[in-house]
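With chain G fixed as given, assemble chains R, U and Z onto it according to the hints.
Number of protein chains: 4
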Amino acid sequence: MNKLKTYIFEKIRDDNDGSLISKIFDSLLVALIIVNIVTVIADTFNVPAPVGEFFYLIEVVSVVIFSIEYILRVWTSDLIRPKLAPWKARLRYVFSFMALIDLIAILPFYIPFLIPVDLRVLRALRIIRLLRIFKISRYTTALSTIGAVFVLKRAQLMSSVFVVALLMIISSVIMYNVENSAQPDTFSNAFSAMWWAVATLTTVGYGDIYPITVAGKIISAIIALLGIGLVAVPTGIISAGFIEQMDENKQHDEKCFCPYCGHNLEN
Amino acid sequence: MNKLKTYIFEKIRDDNDGSLISKIFDSLLVALIIVNIVTVIADTFNVPAPVGEFFYLIEVVSVVIFSIEYILRVWTSDLIRPKLAPWKARLRYVFSFMALIDLIAILPFYIPFLIPVDLRVLRALRIIRLLRIFKISRYTTALSTIGAVFVLKRAQLMSSVFVVALLMIISSVIMYNVENSAQPDTFSNAFSAMWWAVATLTTVGYGDIYPITVAGKIISAIIALLGIGLVAVPTGIISAGFIEQMDENKQHDEKCFCPYCGHNLEN
Amino acid sequence: MNKLKTYIFEKIRDDNDGSLISKIFDSLLVALIIVNIVTVIADTFNVPAPVGEFFYLIEVVSVVIFSIEYILRVWTSDLIRPKLAPWKARLRYVFSFMALIDLIAILPFYIPFLIPVDLRVLRALRIIRLLRIFKISRYTTALSTIGAVFVLKRAQLMSSVFVVALLMIISSVIMYNVENSAQPDTFSNAFSAMWWAVATLTTVGYGDIYPITVAGKIISAIIALLGIGLVAVPTGIISAGFIEQMDENKQHDEKCFCPYCGHNLEN
Amino acid sequence: MNKLKTYIFEKIRDDNDGSLISKIFDSLLVALIIVNIVTVIADTFNVPAPVGEFFYLIEVVSVVIFSIEYILRVWTSDLIRPKLAPWKARLRYVFSFMALIDLIAILPFYIPFLIPVDLRVLRALRIIRLLRIFKISRYTTALSTIGAVFVLKRAQLMSSVFVVALLMIISSVIMYNVENSAQPDTFSNAFSAMWWAVATLTTVGYGDIYPITVAGKIISAIIALLGIGLVAVPTGIISAGFIEQMDENKQHDEKCFCPYCGHNLEN
Numbered sequence: 102m103n104k105l106k107t108y109i110f111e112k113i114r115d116d117n118d119g120s121l122i123s124k125i126f127d128s129l130l131v132a133l134i135i136v137n138i139v140t141v142i143a144d145t146f147n148v149p150a151p152v153g154e155f156f157y158l159i160e161v162v163s164v165v166i167f168s169i170e171y172i173l174r175v176w177t178s179d180l181i182r183p184k185l186a187p188w189k190a191r192l193r194y195v196f197s198f199m200a201l202i203d204l205i206a207i208l209p210f211y212i213p214f215l216i217p218v219d220l221r222v223l224r225a226l227r228i229i230r231l232l233r234i235f236k237i238s239r240y241t242t243a244l245s246t247i248g249a250v251f252v253l254k255r256a257q258l259m260s261s262v263f264v265v266a267l268l269m270i271i272s273s274v275i276m277y278n279v280e281n282s283a284q285p286d287t288f289s290n291a292f293s294a295m296w297w298a299v300a301t302l303t304t305v306g307y308g309d310i311y312p313i314t315v316a317g318k319i320i321s322a323i324i325a326l327l328g329i330g331l332v333a334v335p336t337g338i339i340s341a342g343f344i345e346q347m348d349e350n351k352q353h354d355e356k357c358f359c360p361y362c363g364h365n366l367e368n
Numbered sequence: 102m103n104k105l106k107t108y109i110f111e112k113i114r115d116d117n118d119g120s121l122i123s124k125i126f127d128s129l130l131v132a133l134i135i136v137n138i139v140t141v142i143a144d145t146f147n148v149p150a151p152v153g154e155f156f157y158l159i160e161v162v163s164v165v166i167f168s169i170e171y172i173l174r175v176w177t178s179d180l181i182r183p184k185l186a187p188w189k190a191r192l193r194y195v196f197s198f199m200a201l202i203d204l205i206a207i208l209p210f211y212i213p214f215l216i217p218v219d220l221r222v223l224r225a226l227r228i229i230r231l232l233r234i235f236k237i238s239r240y241t242t243a244l245s246t247i248g249a250v251f252v253l254k255r256a257q258l259m260s261s262v263f264v265v266a267l268l269m270i271i272s273s274v275i276m277y278n279v280e281n282s283a284q285p286d287t288f289s290n291a292f293s294a295m296w297w298a299v300a301t302l303t304t305v306g307y308g309d310i311y312p313i314t315v316a317g318k319i320i321s322a323i324i325a326l327l328g329i330g331l332v333a334v335p336t337g338i339i340s341a342g343f344i345e346q347m348d349e350n351k352q353h354d355e356k357c358f359c360p361y362c363g364h365n366l367e368n
Numbered sequence: 102m103n104k105l106k107t108y109i110f111e112k113i114r115d116d117n118d119g120s121l122i123s124k125i126f127d128s129l130l131v132a133l134i135i136v137n138i139v140t141v142i143a144d145t146f147n148v149p150a151p152v153g154e155f156f157y158l159i160e161v162v163s164v165v166i167f168s169i170e171y172i173l174r175v176w177t178s179d180l181i182r183p184k185l186a187p188w189k190a191r192l193r194y195v196f197s198f199m200a201l202i203d204l205i206a207i208l209p210f211y212i213p214f215l216i217p218v219d220l221r222v223l224r225a226l227r228i229i230r231l232l233r234i235f236k237i238s239r240y241t242t243a244l245s246t247i248g249a250v251f252v253l254k255r256a257q258l259m260s261s262v263f264v265v266a267l268l269m270i271i272s273s274v275i276m277y278n279v280e281n282s283a284q285p286d287t288f289s290n291a292f293s294a295m296w297w298a299v300a301t302l303t304t305v306g307y308g309d310i311y312p313i314t315v316a317g318k319i320i321s322a323i324i325a326l327l328g329i330g331l332v333a334v335p336t337g338i339i340s341a342g343f344i345e346q347m348d349e350n351k352q353h354d355e356k357c358f359c360p361y362c363g364h365n366l367e368n
Numbered sequence: 102m103n104k105l106k107t108y109i110f111e112k113i114r115d116d117n118d119g120s121l122i123s124k125i126f127d128s129l130l131v132a133l134i135i136v137n138i139v140t141v142i143a144d145t146f147n148v149p150a151p152v153g154e155f156f157y158l159i160e161v162v163s164v165v166i167f168s169i170e171y172i173l174r175v176w177t178s179d180l181i182r183p184k185l186a187p188w189k190a191r192l193r194y195v196f197s198f199m200a201l202i203d204l205i206a207i208l209p210f211y212i213p214f215l216i217p218v219d220l221r222v223l224r225a226l227r228i229i230r231l232l233r234i235f236k237i238s239r240y241t242t243a244l245s246t247i248g249a250v251f252v253l254k255r256a257q258l259m260s261s262v263f264v265v266a267l268l269m270i271i272s273s274v275i276m277y278n279v280e281n282s283a284q285p286d287t288f289s290n291a292f293s294a295m296w297w298a299v300a301t302l303t304t305v306g307y308g309d310i311y312p313i314t315v316a317g318k319i320i321s322a323i324i325a326l327l328g329i330g331l332v333a334v335p336t337g338i339i340s341a342g343f344i345e346q347m348d349e350n351k352q353h354d355e356k357c358f359c360p361y362c363g364h365n366l367e368n
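Chains as they are written, first to last, in the numbering used here: chain G, 102 to 368; chain R, 102 to 368; chain U, 102 to 368; chain Z, 102 to 368.
Just chain G, with the same shape it has in the complex (with noise of 0.2 Å):
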């Protein structure tokens, strides 16, 4: 038994161990997530029933698959803390984020079940079935890597959303108060004019709302000229934070040795 699961834990972990049948397990597991995406995806479309139900038939294989995964991966989760008692490492591991997601993934479709829901609730619950996109992280190192970065930065870049929000709220109450007069449906209140400055900010700048006072275009532009500052200072947090990444690796690659004295040249 516990050589059966000893070898469970190998094949199923993230850290490929290079055999053929830990790859085809990934492999699986890989485009059964995608299926499951382009289902999701598929079901926004008006489908005629057979597909329906053959989507549904996905469905139901793929939580049985993923539900046999979950279970697999908390019982063997007690041999990544071998010196905790099984019970205590399970928990530990059950409270682990990817373990969380693979819960929550699944778990949306036995409540029907379980319990009586509406068909709103039920909808809701079908967009959690997208939680699913994310057990992909655990065979892709990009979002780790991009992910170091923000880390690293992360001091910074709060602080750049708060200097977001202090802009928005600002520049939100002063055009309500200017343009309300003149557009009282458009800029109706603090929310309309908010949702203008969102798209003033971030230049998306669809046009269904826009200032046409004169004193609102003039408030406009000078937010709309803050708004490429917005986006360089993010802009230049991360390029100092890849380039730091990058200082750093280099540092590790680098001979720090004179070839020819053999002296130290770090320090």
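Check each hint, because a few of them may be wrong.
Heads up, simulated DMTMM-like pairs for lysine to aspartate or glutamate below, C-alpha to C-alpha not over 20 Å straight-line [stated by the list, open to error]:
| hint | chain 1 | residue 1 | chain 2 | residue 2 |
| --- | --- | --- | --- | --- |
| 1 | G | K318 | R | D309 |
| 2 | Z | K106 | Z | D179 |
| 3 | R | K318 | Z | D286 |
Every beta carbon over 10 Å from chain U, so not counted as near; a handful from chain G, in silico [said to hold, decoys possible]:
| hint | residue |
| --- | --- |
| 4 | T107 |
| 5 | S123 |
| 6 | I125 |
| 7 | A132 |
| 8 | A150 |
| 9 | Y157 |
| 10 | I207 |
| 11 | V218 |
| 12 | L244 |
| 13 | R255 |
| 14 | G308 |
| 15 | L331 |
| 16 | I338 |
| 17 | F343 |
Read the hints as simulated data drawn from the structure, not as lab findings. From the three backbone atoms N, C-alpha and C, an ideal C-beta is built for every residue, glycine too.
Only chains R, U and Z this time, still in chain G's reference frame:
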């Protein structure tokens, strides 16, 4: 008396002394500022009379608290510069940036009691309450970290603002002359054309004003492409600023010795 | 014969040998490519019949010249890899990227003579002529300098494309569910919602599709603000790439000696 | 006479010699340039006749002053290159960039007195007055600091312009072929499609032209996402430029000697 003053001074100052009272005082003020911002925003909705009265109550309580805070700050401000005469130290404090914000943020409340004002002035006075949002910067370093980069690079950023202004003036006058005959209502004067120039250079593009003639489209295309450069310049400047800041922080961490005599080169 | 072959090989190759013939050959080909691009663009206008016939004449002449060029390049290509058997060397050349471009750019002209094609296919075949624009990259280093940075940072750029794809899928499915009941015609399925997600995340914002519900606007605001981060990440990566490239070029210029023994550390 | 010439030369030159006269002269010219720009902008509004006459008066006074300034600059320009014959030195100055701007900015005023011109030409001549704005660059270093980075990176920036041109041509021809049958009036030829390509690649997105077919939307999405890369490349280049400039300035400032033993730490 003096002991009480020193006590208040220590609790009220921005640099948290770690005591529970100081923490509670700070948290309460931040909460009050947030409540104030929320009511300013909520005020723009058609609130029923009782809610409006409740908002007025909040306003009265806020002004009372902020007024007491202001008086205490001014009273204890002679302790900041102990070498100056108290009235000189206080005068200096009163004209400091943050103290002026504090004063202007509460003053509008008192004005209608002192002199009769009409409704439009009253409305403008209410917007000034928004300045209270800057009081929050006492309790966060967010603005200062980003602000430092802007100060460091202010000369170059000013240059890019100057270039933008040049580009906007030139392109708007040209565009007015090109498009005015085809769209006399939209491109009615250089101000309209400048509004177009802002929307184009910042890439907001609301869609309320755009060229329809072939010459206008060609000029617009050139200006829109220059608009990319417009974003690139401040972004480049700010990136360089963040990287410079990062390098400086790093240099302070590194141990640096002269490779010839072994002396520490830091101090 | 062999002498003639070597002579043509030297004149026709991309690396200009400085002779007048080679320069004339290069200039003529660049001019011909530009003429071709101009006719492809001019073809989209309603040109009168005689002009259309003139364009066809240009096309025939171009294809003849490009065909001769292609044949000469293939014929002389065995001189690139003199150690291989001539047919092997030629086969390798034929399947090289630039040779494939050369072939595909002329092939569509011959197809209608070989097999009967309907009008729609004919139209598509004419677009393929656009590939001739890439022939121009033989005579410029523009694409290669920028391309080098993209190759250097391909892993990180791929990661950011993956993150964008994730964000687009998630936001479009959520947005479809939020807006579909309010705007069944505009947000008719996940594809429409994805079109909205592209317009928002890239900050293009045509204005043909945007949320009108409160929930939709809040979600849209969050996604638009994330869109700024979206621009910031590749910009940061590419900035780091250009700086890395710059540093490498600089290191080659600098003289670098070991401060302990004076040895040159470069080689 | 020669003494007067040297005196004027010293006062009129761009490098302020610190004397009061030179300062007044500079301030007056900057003020006059600003007044000129304001009248050019104000001219686009429907100004009543008396104001128009006043503007004409300003124009006459400005041209007289700028003409005198031009003559004085040319007259004293032989002092810049004392080794050359006076007429050679003056000829060189006349064909320098700033002198040409000075001349072209006043010339249009005299043309209607010399040869009869119709109204349209007159209008175009009035726009040329805008060139006077560049005279202001004599009194600011704003343009030169940013210009230096563009000159430093001109090769790479040219490359990115070339790539943009390629992308625009290819995407507009493809888009014309895809959308023309669905929207024959909007995507009427490759020029319209190129206008769309500019609006999309620069992310301006006015909303006057956008794809409606599924194929068009998919292609548009790909091009819009490439548009992000389009912003990223010049931003990355310019960032690298500003950082390079910063590094160079820093190296000049740093002391390159060990303060304890006097060893040069540079190489």
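Point to revise | List of violated hint numbers, smallest to largest | key: Hints 12, 14, 15, 16, 17 contradicted; others consistent.
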